[in-house]
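Chain by chain, the residues run as shown.
There are 2 protein chains.
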Amino acid sequence: MLKDQPKEKHFTIFYGDTGYSYESIMRPYFKGSSGITIEDPYIRASHQIQNFIRLCETIVRHSTIRKINLVTSFDENTNVSEMRDSLDELKQSLLEIDIVLDIKLDQNLHDREIRLENGWTIKIGRGLDFYQKPNSWFELGVNDLSLRKCLETKVDIFKE
Amino acid sequence: MLKDQPKEKHFTIFYGDTGYSYESIMRPYFKGSSGITIEDPYIRASHQIQNFIRLCETIVRHSTIRKINLVTSFDENTNVSEMRDSLDELKQSLLEIDIVLDIKLDQNLHDREIRLENGWTIKIGRGLDFYQKPNSWFELGVNDLSLRKCLETKVDIFKE
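Chains as they are written, first to last, in this note's numbering: chain Z, 1 to 160; chain Y, 1 to 160.
The following block holds chain Z by itself, in its conformation from the complex (with noise of 0.2 Å):
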């Protein structure tokens, strides 16, 4: 049975790598896990609110987790009550399909952290936002994020 579990894992994603989706990454860990915590302070501008969307999407199509916990951050820069109306549009469309987004602000937040509930943790240096903005729209990886190019970051993930 071991051989089926999930493994700690160290690694860098270097500039320019392709091949990385929250699927490919976070998948294996979803197992038997009905909540999670994503702790990353930027969750504001409407890019890094779709990069969260698509962690959703995945949870939603990969999982079997019914509560997802988002705690990020804002500053004088932020748009909060766009932030809010989007991110309250996208609680309203994982209600109608049962899951609960629960959402915090905590100006004092920091680091990135996503935790689950069956004990693993996954930290990305960067948070979602580990990927190159594409040089053009009308490019390959502009909708399928494997096959868009990444900024360099480190992934650990760990169960405590």
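Just to be clear, a hint being listed does not mean it is correct.
Since the list gives no way to pick one copy over another, a pair counts as held whenever it fits inside one copy or between any two copies.
To be verified - Each computed DSBU-like pair below joins lysine-lysine, with the alpha-carbon atoms no more than 35 Å apart: (1) LYS133 / LYS104; (2) LYS9 / LYS31; (3) LYS149 / LYS104; (4) LYS159 / LYS104.
Don't read these hints as lab results, they were simulated from the structure.
Given the structure of chain Z, go ahead and fit chain Y onto it with the hints provided.
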């Protein structure tokens, strides 16, 4: 060996259905094909070209296809120069991974049809554009089309 062969299929996608992506519909039929021809008069507007990019991303990830032929059309409302620029950017990004995209414009084209070089034909009544527009750009399914609600259309998949 026959049980591994993809099968002839005729089915309806109903209005409001979810669970359909280009991958889920077409992937089994890509096997053993090095070329694909997409005839679809509506690869013009920006969101239609994005659909076509999604199909190309699916081809890149899940097939050994090296040659993509697109036959599409335009009318007096089409910004043909913008359309050409967008498709050229896609063509360039495919060329970087050694896949050739050939684009032809045919004003007499009406029907939608996708033909694989291995003999399979995939006809979707609405072509690639069988998804509902989301109510919000911050809901599940904005990125992952398998979570997006569909319009009604028929699908016929057969081998000549």
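So which hints don't hold here, by number, going up?
-> none
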